[in-house]
Amino acid sequence: MNAESKRSFDVAVIGGGPAGMGAATVAAECGLSVVLLDDNPGLGGQIWRGESGSSKHTQASHWFDRVGRSSVEWILEARVFQVGKGHLSAESPDTVHQIAYSHLILATGARERFLPFPGWTLPNVLGAGALHSLIKSGLPVEGKRIVIAGTGPLLLAVAAYAREKGAQVACIAEQTTGAKFACFGLSVLLVPEELEEVWQLAWQLQAVPHWKNCWPVAALGKERLEAVRLSHHGRIREIASDYLACGFHLVPSLELAQFIGCAIQDGYVAVDENQQTCIPGVYCAGEPTGIGGFELALVEGQIAGFAAANRKDLARKLWRRRDAGLRHVRALRRAFELRDELRNMPQEDTLVCRCEDVPFGLLRAHQSWQSAKLHSRCGMGPCQGRVCGAAAEFLFGWSNSSVRPPLFPVRCSSLAEMPVETIPEIHEGGSK
Amino acid sequence: MSFRPDIVIVGAGIVGAACGFELAREKFSVAVVDAAGIGMQTTAAGMGHLLVLDDSEEQFALTRYSLSLWNALAKHLPPAVEYSRCGTLWVAGDEDEMAEVVRKHTYYGERGIQTEILDAHALREAEPALRRPLAGGLRVPGDAVLYPPCAAAYLLQRAAELGAKIFLGKAVNSIRNGITRLADGTVFHSKFIINAAGQFAPKLTPGIHIRPRKGHLVITDRYPGTITHQLMELGYLKSAHSISADSVAFNLQPRKTGQLLIGSARQYEVADGNVDFAILSRMLKRAMEYVPSLGSLSAIRVWTGFRPATPDQLPFIGPWPDDPSIFLAAGHEGLGITTSLATGRLAVDFLLRRASAIPVEPYLPSRQIEGVTHA
Ligand SMILES: Cc1cc2nc3c(=O)[nH]c(=O)nc-3n(C[C@H](O)[C@H](O)[C@H](O)COP(=O)(O)OP(=O)(O)OC[C@H]3O[C@@H](n4cnc5c(N)ncnc54)[C@H](O)[C@@H]3O)c2cc1C
Ligand SMILES: Cc1cc2nc3c(=O)[nH]c(=O)nc-3n(C[C@H](O)[C@H](O)[C@H](O)COP(=O)(O)OP(=O)(O)OC[C@H]3O[C@@H](n4cnc5c(N)ncnc54)[C@H](O)[C@@H]3O)c2cc1C
Chain A
1 MNAESKRSFD
11 VAVIGGGPAG
21 MGAATVAAEC
31 GLSVVLLDDN
41 PGLGGQIWRG
51 ESGSSKHTQA
61 SHWFDRVGRS
71 SVEWILEARV
81 FQVGKGHLSA
91 ESPDTVHQIA
101 YSHLILATGA
111 RERFLPFPGW
121 TLPNVLGAGA
131 LHSLIKSGLP
141 VEGKRIVIAG
151 TGPLLLAVAA
161 YAREKGAQVA
171 CIAEQTTGAK
181 FACFGLSVLL
191 VPEELEEVWQ
201 LAWQLQAVPH
211 WKNCWPVAAL
221 GKERLEAVRL
231 SHHGRIREIA
241 SDYLACGFHL
251 VPSLELAQFI
261 GCAIQDGYVA
271 VDENQQTCIP
281 GVYCAGEPTG
291 IGGFELALVE
301 GQIAGFAAAN
311 RKDLARKLWR
321 RRDAGLRHVR
331 ALRRAFELRD
341 ELRNMPQEDT
351 LVCRCEDVPF
361 GLLRAHQSWQ
371 SAKLHSRCGM
381 GPCQGRVCGA
391 AAEFLFGWSN
401 SSVRPPLFPV
411 RCSSLAEMPV
421 ETIPEIHEGG
431 SK
Chain B
433 MSFRPDIVIV
443 GAGIVGAACG
453 FELAREKFSV
463 AVVDAAGIGM
473 QTTAAGMGHL
483 LVLDDSEEQF
493 ALTRYSLSLW
503 NALAKHLPPA
513 VEYSRCGTLW
523 VAGDEDEMAE
533 VVRKHTYYGE
543 RGIQTEILDA
553 HALREAEPAL
563 RRPLAGGLRV
573 PGDAVLYPPC
583 AAAYLLQRAA
593 ELGAKIFLGK
603 AVNSIRNGIT
613 RLADGTVFHS
623 KFIINAAGQF
633 APKLTPGIHI
643 RPRKGHLVIT
653 DRYPGTITHQ
663 LMELGYLKSA
673 HSISADSVAF
683 NLQPRKTGQL
693 LIGSARQYEV
703 ADGNVDFAIL
713 SRMLKRAMEY
723 VPSLGSLSAI
733 RVWTGFRPAT
743 PDQLPFIGPW
753 PDDPSIFLAA
763 GHEGLGITTS
773 LATGRLAVDF
783 LLRRASAIPV
793 EPYLPSRQIE
803 GVTHA
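Heads up: the sequence lines are chains A and B, in that order.
If you use our numbering, the first sequence corresponds to residues 1 to 432, in order.
If you use our numbering, the second sequence corresponds to residues 433 to 807, in order.
Think of the hints as simulated: they come from the structure by calculation, not from any bench.
Using N, Cα and C, we set each Cβ at its ideal position, and we do this for glycine too.
Take the hints with a grain of salt, since some may be wrong.
[Stated by the list, open to error] Lysine-lysine pairs mimicking DSS-like chemistry, simulated, CA-CA at most 27 Å apart:
| # | chain 1 | residue 1 | chain 2 | residue 2 |
| --- | --- | --- | --- | --- |
| 1 | B | Lys602 | B | Lys635 |
| 2 | A | Lys312 | A | Lys85 |
| 3 | A | Lys85 | B | Lys717 |
| 4 | A | Lys6 | B | Lys717 |
[As the list claims (entries may be wrong)] What follows is a list of derived Cβ distance ranges for each label pair:
| # | chain 1 | residue 1 | chain 2 | residue 2 | range |
| --- | --- | --- | --- | --- | --- |
| 5 | B | Glu548 | A | Pro41 | 48 to 58 Å |
| 6 | A | Ala263 | B | Thr689 | 31 to 41 Å |
| 7 | A | Arg333 | B | Ala710 | 42 to 52 Å |
| 8 | B | Asp653 | A | His62 | 34 to 44 Å |
| 9 | A | Lys85 | B | Val792 | 45 to 55 Å |
| 10 | A | Gly397 | B | Pro656 | 29 to 39 Å |
| 11 | A | Lys85 | B | Ala603 | 26 to 36 Å |
| 12 | B | Glu527 | A | Ala263 | 55 to 65 Å |
| 13 | A | Ala240 | B | Ala603 | 53 to 63 Å |
| 14 | B | Asp704 | A | Ile279 | 12 to 22 Å |
| 15 | A | Arg333 | B | Glu593 | 42 to 52 Å |
| 16 | B | Asp704 | A | Glu4 | 26 to 36 Å |
| 17 | B | Gly610 | A | Asp266 | 42 to 52 Å |
Based on the sequences and whatever the hints tell you, model everything.
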């Protein structure tokens, strides 16, 4: 039923974003055999997805070029659904890849956080990142009115891109305060590599209203979105709009790291100065160790790649750049901390879990994520709680540290063909 | 605490919930205490198949009685309980198993349960997803399926409406002579204490023979209409009976959501709850032998659970000879969802000193002691 392929590599890198590309490339350049797995049809991760060597982004074309010239073997559309000691399994549309490795580098990136508010499930209400990719893959937005809401620098990037493609960005609604945002702006100006980009953004967005202390109260419309109701400095505003792009910063994708028992600290994978996790031979780079943008992801990836190749001397040379990036992580965290009022956005009947249609009111009665999940089916659908889990964590303070197999939905036949040696070391925190 | 219940129930799994429901209906004042929440242990892990089973005369009596109680309650169950009277279809692979179909049909019929024999053609009509060829099958139309955690929550909600008090997140340290001591220092004095702690019952009542028997389940994404009955292989009997060896059997359940729940596996002497990929693989391959299209369906989650198993595969329902204030309601192994309501009834009958609808002797905990002395 499933074709199977069994291979062995010195290094397996999971995730083909900037962190994974950096890690895989330098490890291969040091002479190791490297496999790079990503579940998308192309390399590049969140930021460079769909680009290639011809990218106008100089960093992107540099790395696409370099990974292409290296001996890295990449496998696309392959989702890693099971990881054990020295062994992992990934599923492609018609194959199961069984891969043995000596070193493992986790570069699984981050995803956007969605928070529920009335109307957020209406057609044309999208994630900010999702709108970005849709426009990239050809959605015509010329002349369309777009409201961009949520928090974080991503909103600015998406706004600039939408404008470039002819959209009319009605406003950017940023939940954080003006003061916090200004602090963040200053901290960015201290990072010379970011300066040019920041100026460019500021230039592109000079005509767009950028409201602070502002967040969505409701998305309005019958069949699809017609208008957005915002709370702005305590006043309610209604803005006609064709699209609402929302994103409340990013949440790191930690499932894989949690699954194999990597220690988590303050919501991120704990690593040493060479990006090694608490498990010897397992490294982590990019967003799972702190949301800090692609520059930091690239540097961390290279450190992990050098460390895996036992070139600590080369890794060490990058520490300073990484540590500067980590200051940026902390600045981001402070600046875009979610305010308490956002917990009041959902109403009793606002859906929190879209897979299983679970409203806010049903969840509130529970004491824990486990109890809510069991009795309301929240998080039991095909997204395995990736969307509603992050929302519930913010809304109710519930955490979910127990990750069960498979890491992603897979064909039953792929599970049935798992080699028996891949029994993972699961460290479950829960009672079971 | 000034609250003085008549009865304290330890455990808010399906069995404790059923006891709470039946007792509250008879106007007992009841406290239900659980270390976790409602139905978060074995009840959360189970399949929720309500079925009549004939491993033994005693098991048949208990399951038949309990199923009649579930089916009478069915019209009151809220949608979240996902009750569906889909029936069971026992699948016969060959002529030997077909002979078993005929025996089962006669046995059930003699005891008032209507079943229907399907030949190979009728089986194909009933469940086109099954592989061909197969010899036939037996349809038990009265069997049903539900979602156990919500069933437990419903029973306790009804109990609470009738005055029962529910204490969640409170562990019980000891039960003895009518005194229940909680880890937080709370003490309850009551006439009776029901030990409905499932696999953990021996911790509170040392000496009862309950061993955890591990199971694995897989849930798929939604594929409504793939199958319409709970499907079980007749070979199930052979594997479920083996007391020591690990075993797997084809057991496939259509959920109301359109999802499919794939079972089943049985393992003794495994203490950790980790997924065992060797047995998982055997279980899935067995299921794919019967329903080949299963292989291409998307599996969302795998989990494990522990059935509270007794040596003779019957639960302990009755007073504990060493301490007359303690009533045991534990050890329901792989049938506790089915037999929970009957367990609650037997508990009420005992407390009211009234006759039960079925003979209670086979389930009395004293049989364990007699078994030992006779041995
Ligand atoms: C729309 C958008 C715009 C952005 N704009 C900017 C910007 O202007 N400036 C900036 O600095 N940052 C920006 N970012 C953030 C930037 O994308 C990240 O900082 C950067 O991509 C992080 O790189 P990474 O390698 O850690 O993770 P990612 O780029 O997220 O890559 C992780 C990859 O791993 C894959 N993966 C995860 N789990 C598995 C698995 N189990 N099996 C197989 N594959 C898996 C993912 O699909 C993904 O392709 C933007 C992000 C988005 C979404
Ligand atoms: C894989 C699998 C499939 C199954 N399929 C079916 C099926 O299809 N049909 C069927 O009828 N049955 C099935 N079963 C069996 C059924 O799930 C169990 O028999 C039933 O859930 C047992 O319920 P219980 O209330 O006795 O135990 P539990 O649900 O385990 O409840 C015991 C409760 O006691 C609490 N507790 C324990 N110790 C203490 C303490 N010291 N203080 C306070 N609280 C305590 C626990 O927190 C727990 O909530 C299956 C079981 C498994 C594992």
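To see whether the hints hold, each was checked on the structure:
1. B:Lys602 / B:Lys635: The given pair, whose Cα atoms are some 16 Å apart, holds under the 27 Å limit.
2. A:Lys312 / A:Lys85: 23 Å, holds
3. A:Lys85 / B:Lys717: Since the Cα atoms of lysine 85 of chain A and lysine 717 of chain B sit roughly 24 Å apart, the hinted pair holds (cutoff 27 Å).
4. A:Lys6 / B:Lys717: 20 Å, holds
5. B:Glu548 / A:Pro41: 48 to 58 Å: With a Cβ separation near 51 Å, glutamate 548 of chain B and proline 41 of chain A satisfy 48 to 58 Å, so the hint holds.
6. A:Ala263 / B:Thr689: 31 to 41 Å: 36 Å, holds
7. A:Arg333 / B:Ala710: 42 to 52 Å: Holds - the Cβ-Cβ distance for arginine 333 of chain A and alanine 710 of chain B, about 43 Å, lies within 42 to 52 Å.
8. B:Asp653 / A:His62: 34 to 44 Å: Given about 40 Å between the Cβ atoms, the range holds.
9. A:Lys85 / B:Val792: 45 to 55 Å: 52 Å, holds
10. A:Gly397 / B:Pro656: 29 to 39 Å: 36 Å, holds
11. A:Lys85 / B:Ala603: 26 to 36 Å: Once the Cβ atoms are compared, 34 Å apart, the range 26 to 36 Å for alanine 603 of chain B and lysine 85 of chain A holds.
12. B:Glu527 / A:Ala263: 55 to 65 Å: For alanine 263 of chain A against glutamate 527 of chain B, whose Cβ atoms are near 58 Å apart, the range 55 to 65 Å holds.
13. A:Ala240 / B:Ala603: 53 to 63 Å: Hint holds: Cβ distance 56 Å, inside 53 to 63 Å.
14. B:Asp704 / A:Ile279: 12 to 22 Å: 19 Å, holds
15. A:Arg333 / B:Glu593: 42 to 52 Å: 47 Å, holds
16. B:Asp704 / A:Glu4: 26 to 36 Å: Once the Cβ atoms are compared, 28 Å apart, the range 26 to 36 Å for glutamate 4 of chain A and aspartate 704 of chain B holds.
17. B:Gly610 / A:Asp266: 42 to 52 Å: Hint holds: Cβ distance 48 Å, inside 42 to 52 Å.
The earlier numbered hints are all upheld by this structure, with none contradicted.
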